[in-house]
Amino acid sequence: MTQAPPTEPVVRLANVGKTFSRGDQVVTTALEAIDLDIARGEFISLIGPSGCGKSTLLRIVGDLIEPSSGDVTVNGKPARRARMDRDYGMVFQAPVLFDWRTVEDNVKLPLEILGKDAATRDRRAKEMLELVELGDFLKHHPYQLSGGMQQRVAIARALAFEPSILLMDEPFGALDEMTRERMNGEVLRIWEQTGTTILFVTHSIPEAVFLSSRVVVMSARPGRITKVVDVDLPRPRNEDTRESRRYFELVTEVREALRRGGGLDDAAELEAAASEERTIAEGAVG
Amino acid sequence: MATAAGVADPGAVPSVRAEPRPASRGRRALRWVLVLAAIVVIWEGLKFLGGTPWRAPLAVAGSGSPVLWNPPFRWPFVNDLNLPHVWNILLTFGQPFQRGADQTVGQYLLGAALYTWREAVLGFILGSVIGLVLATIFVHARILERALVPYVVASQTIPIIALAPMITYAFGGNIASVVVIATYLTFFPVTIAMIRGLRSLDPRALELTRSYAASRWQVYRKLRLPASLPYLFTALKIAATASIVGAIVGESPGGIAEGLGRVILTFNQYYITGPEKLWAAIIASGLLGVAFYLIVRGIEVAVLRGRPGAADG
Amino acid sequence: MSAGAGSLATSRPLRPGGTGRARAVRRSAGDYLPPIAVFVLAVVVFEYVLGALGIRSFLIPKPSQIIGALQDNWSSGRFSLFPAAIATLQEALLGLLIGTAAGVLVAFATARWASARSFLLPVAVAANAVPIIAFAPLLNNWFGLLNPVSKALMAAVLVFFPVMANVTRGLVQVEPAALELMRSYAASEWTIVRKVRVPNALPYFFTALKVVTTFSLIGAIVAEYFGGSNTSLGRRIVESASAFKYEITWGAIALAAVTGIVFYLVVVAIERLVIPWAAALRGDS
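Residue numbers (our numbering), protein chains in the order written: chain A, 1 to 286; chain B, 1 to 313; chain C, 1 to 285.
One chain only, chain A, in its complex shape (with noise of 0.2 Å):
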């Protein structure tokens, strides 16, 4: 697993991207000219509205969907090389868990494909077990947890084998709003402990202010960046974070940013929604 010199962005994109056509037709522009440098160790969150084309990137940064135009770097390589390297992990919405596997053997099982021995294999689980805090529940199976207990199995499995970058696709979409909250705490947690970059794509604007170092706002489709909120809150964050002032502050600045994105009407919101899909369809099966 490489690195990168310090100076140089762990992650940029130049000029992306990203059409659907069929045939010589372009059907749908998902991405327009997105341009962003992620330093070694950000936080950043990726928000916008339906079918903007947020996950998408994360996608393209992941090299899961190839961008139709630009240049994307991870680490100072193209990001196939990145993905071949095992640069990054990933944590989607679901938790796509293993139910054949026990919670243990879930976040073994990178480590099994990169060809780490038995004795690491165990030590590396039993340590983000610990880190997320399931070390108690090694020998069960994911359908014994709840949901929230599921996606930190996910996380786990995502930094069992210390990538530089996590991706992230709304990982707590899934939950409620007390035990997301709990979980931005967590993942805010681990991020300190561990020094991970992270790419974390949302569409809740409290937590986008309140995890990262910086927001990507974008727009509805075709997206583009419309602009990148610095959020200069004191770390480390918790509970009396989101109730400060400056936090609503914020908070306020990303809701009218999005709002200067464009607002959508029914049969757009429809649209993209089913669009947004279909690209996700197409990159996974493609």
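Since the hints were made in silico from the structure, they are not lab data.
There's no promise every hint is true.
Short derived list, chain C residues pointing at chain B, Cβ under 10 Å [claimed, not checked]: (1) Ser118; (2) Phe119; (3) Leu120; (4) Leu121; (5) Ala134; (6) Asn141; (7) Trp142; (8) Ala186; (9) Trp190; (10) Phe226; (11) Ser242; (12) Tyr246.
Glycine included, every Cβ here is placed at the ideal spot set by N, Cα and C.
Fit chains B and C to the supplied structure of chain A, relying on the hints for placement.
Using the frame of chain A, we list chains B and C on its own:
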């Protein structure tokens, strides 16, 4: 993930099957043609390489007709008795089914197939009605369900069709016996499928109707029945084939002279002199099964127009 | 928030003793009582009530008569049942083995090559609609009337299609998110098969297996109807029925039924051993 009532779960990750989109009607027909063509090519290919010498179509063995092709190898299994030429089989449809008869094999088989089909359809309809009634009772009376469903299920592990000869002999080998067999084979899948189908309602949809103080009968008619239709049709397609199989098997031991079961046995007796006829009978049975299946499928498409149907089993 | 066709974990609150579905697996006595009551009732009715009411049921002899016939004809006599059952069971087992092995192999090929899939799928669908049993006389002619292989092959054909269809589905219908995950690990196609597709397919395999054990037995018995060795359950059924000795016929059928049930239960037991997690998840009987 969509529930059976068709209400999408808003929290779900969009579930997309990594399967190619279903082919159009034309492409599917083409696929069938290709499959059949491949079978014929392999069949005749084997005979080309290792069969008995090729003669003119429908030439009687030993009649001295000229040899058209002598295969390089001789594989005993690939002889004309086991694997008659495809064209001979097809031409047999036009031959008289018995020496001196005025009906061709094709006409004879068609009559037999229709006869078998009528028996099967009667049993099919009867079995479906019984299955529907039973399922309705079971869904509304749990204690009956717990008492009787294990037997309904256990009957699946019993070789039902083993009863066929006995029933035929007992009923004196008339059409009633075959209808009984077909009914028996139909009611089981229909009962089980309808129980699942009538119960398949999203509990939230049920709660909604209770808030309207709808009666049980209304719930049944307006919600459960429509929700159960996809399941019903899956079962009906299985039952269609099962009733045909039951009819054929039921006919064979007994005295029913006009059905396909009897014809298969007869042509089997004369196999040595003309294996093509047995093959013709088998093809006729296959076509009958497929035709019935397609009819049920057609009704399904018409009834379930626009709805996501149950997956093709 | 439900999972897809495969077995990916769903979000469910933690409850003591597992999920609600797991609870259903541990059945209470109250669940067993009604069916047992019905069985006892049926035996009593047939044994005593019908006789007492003077109804002579020609078709369905009294249970005691059936048991008597089983005892009398167990290993001796013109309709000896036990050797016949063994012979038929052997045919069914052979057919099960051949059909399952072929089904799994073809399923792997179909899952791997989409072209094979589009070729074989219409055949599999048609096989559902065609009365395959019509091939029985042909198999007798090919392999010999008295040869058990001809019956075993009939069973094998009936077993092959459900196994192939189900295993293919299990190998192919993996949640796209799981495939994305594996791609993010840059896992090879073979690794994905080993670590994801095969475990995903196991429940489908056992679902098919539970169904085809019956098919193999039925296939063997019905193939025997069209001709075969006298020492087979199928021939015993046909011959005792044509001789109007219905107690023996029912005895043979009961024997076949018990064999089928035992067969099925063995598969269920194996399933519990191999994939304990699937039973807990489904909570089926």
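How the hints compare with the structure:
no.	hint	in the structure
1	Ser118	6 Å, holds
2	Phe119	6 Å, holds
3	Leu120	8 Å, holds
4	Leu121	8 Å, holds
5	Ala134	4 Å, holds
6	Asn141	5 Å, holds
7	Trp142	5 Å, holds
8	Ala186	19 Å, violated
9	Trp190	18 Å, violated
10	Phe226	7 Å, holds
11	Ser242	6 Å, holds
12	Tyr246	7 Å, holds
Violated hints, listed in ascending order, are 8, 9; each of the other numbered hints is respected by the structure.
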